[in-house]
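**Q** Produce the complete structure using the sequences and hints provided.
There are 2 protein chains.
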Amino acid sequence: MTDLTALQYISYGIYLVSSFRTSTEPGAQGRLNGQIATTVFQVSAEPPLVAVSLNCQNFTNELIKASGKFSVSVLSQETPLKFIGLFGFKCGRSVEKFSGLKYEINPSGTPKLLDHSLAHFDVEVTQAVELGTHTLFIGKVVDSQVLAEGIPMTYEYYHKIKGGLIQQNAPSYIKF
Amino acid sequence: MTDLTALQYISYGIYLVSSFRTSTEPGAQGRLNGQIATTVFQVSAEPPLVAVSLNCQNFTNELIKASGKFSVSVLSQETPLKFIGLFGFKCGRSVEKFSGLKYEINPSGTPKLLDHSLAHFDVEVTQAVELGTHTLFIGKVVDSQVLAEGIPMTYEYYHKIKGGLIQQNAPSYIKF
Chain A
1 MTDLTALQYI
11 SYGIYLVSSF
21 RTSTEPGAQG
31 RLNGQIATTV
41 FQVSAEPPLV
51 AVSLNCQNFT
61 NELIKASGKF
71 SVSVLSQETP
81 LKFIGLFGFK
91 CGRSVEKFSG
101 LKYEINPSGT
111 PKLLDHSLAH
121 FDVEVTQAVE
131 LGTHTLFIGK
141 VVDSQVLAEG
151 IPMTYEYYHK
161 IKGGLIQQNA
171 PSYIKF
Chain B
1 MTDLTALQYI
11 SYGIYLVSSF
21 RTSTEPGAQG
31 RLNGQIATTV
41 FQVSAEPPLV
51 AVSLNCQNFT
61 NELIKASGKF
71 SVSVLSQETP
81 LKFIGLFGFK
91 CGRSVEKFSG
101 LKYEINPSGT
111 PKLLDHSLAH
121 FDVEVTQAVE
131 LGTHTLFIGK
141 VVDSQVLAEG
151 IPMTYEYYHK
161 IKGGLIQQNA
171 PSYIKF
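Protein chains in written order, with this note's numbering: chain A, 1 to 176; chain B, 1 to 176.
Hints listed in this document are in silico derivations from the structure and should not be mistaken for laboratory results.
Note that this is a predicted model, so its numbers are computed, not measured.
One or more of the hints may lead you astray.
A pair holds if it fits inside one copy or across any two, identical chains being indistinguishable in the list.
What the hints assert, rightly or not - Heads up, simulated EDC-like pairs for lysine to aspartate or glutamate below, C-alpha to C-alpha not over 20 Å straight-line:
| # | residue 1 | residue 2 |
| --- | --- | --- |
| 1 | Lys90 | Asp115 |
| 2 | Lys140 | Glu130 |
| 3 | Lys140 | Asp3 |
| 4 | Lys160 | Glu149 |
| 5 | Lys112 | Asp143 |
| 6 | Lys162 | Glu130 |
**A** Next up, the structure:
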């Protein structure tokens, strides 16, 4: 008897995963984009590798596939729901999500969010594994930095304390 | 400037990941084994796939490679440190870790821990990705079950509230 609610007992954080498209590619305008993700994990100690699973339909997935690069921001517990709504529930194909936010551009081209962000790492993709509805990107941490003191937001905190919703495109979304 | 302590801001749970070896294999005795893992995550919604990263030197890694199967137990916040010490810091090659514990054997052959366990899922490996010090096992959830009410133990809780240590073989272990 398979009860998939069992999978909801897995613990996750809340992260911003970002990538970019340069304007030097023919026919394409330079763009930044990012999305909220819960499934960011360190998967090897030496070399330091991280993995993230993103829905195949998401714009950030498309940008990472094209650039081979992404950055991760660990969001603080204080991050406003409005920010999570923008990056978690709007599509970057029609909205310039970084507009009005404090950020820098890493040497790799990815954005480094300075608002709401406790820690940041910049990642070069080494493998992209296609898994049904999602792509699992595995990559090497090429730069990492602690940006601020604070408590990282967990999915548990976001959902229970802040009353936040989960996106249907998340790998851990279960339809009833 | 790369500061790998930034990776410690990622949120993890605490899980028991188990596998087995049947006695029908020539020259091998039937065995169960399990280890504490922090990097269990759902990586696809449809089909429901989970991933776990385990150190290449660990006995459980060897058993999963041979059987193609593993089970995951989501441990309760109430799990005693003694249990985590047994499964997290002792090697199953020399210790029969399941001895004295309450468990059942799944139809697949993996053990289903009944003690300290809030939720359980049984997984068939679809891909094993070698990543330096670790193997990332990706697999299909073939059975899943909620076993008890309670709060899942997070790594944060284990480390800060219970005063637990981290194993040097964990993917998120950083040597200073």
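**Q** None of the hints should be skipped; say for each whether it holds.
**A** Structure-based check of each hint:
1. For the identical chains of this complex, Lys90 and Asp115 are intra-copy neighbours only, at 19 Å inside a copy versus 43 Å across copies, given an alpha-carbon limit of 20 Å.
2. When the C-alpha separation of Lys140 and Glu130 is checked against a cutoff of 20 Å, the pair qualifies both within a copy, at 18 Å, and between copies, at 14 Å.
3. Within a single copy, Lys140 and Asp3 get their C-alpha atoms only as close as 35 Å, which misses the 20 Å cut-off; across copies the closest is 14 Å, which meets it.
4. For the identical chains of this complex, Lys160 and Glu149 are inter-copy neighbours only, at 16 Å across copies versus 23 Å inside a copy, given an alpha-carbon limit of 20 Å.
5. Taking CA atoms no more than 20 Å apart as the test, Lys112 paired with Asp143 passes inside one copy only; the shortest distance there is 11 Å, against 40 Å between copies.
6. In this assembly of identical chains, Lys162 and Glu130 lie within 20 Å of each other by CA distance neither inside one copy nor across copies; the values are 32 Å within and 38 Å between.
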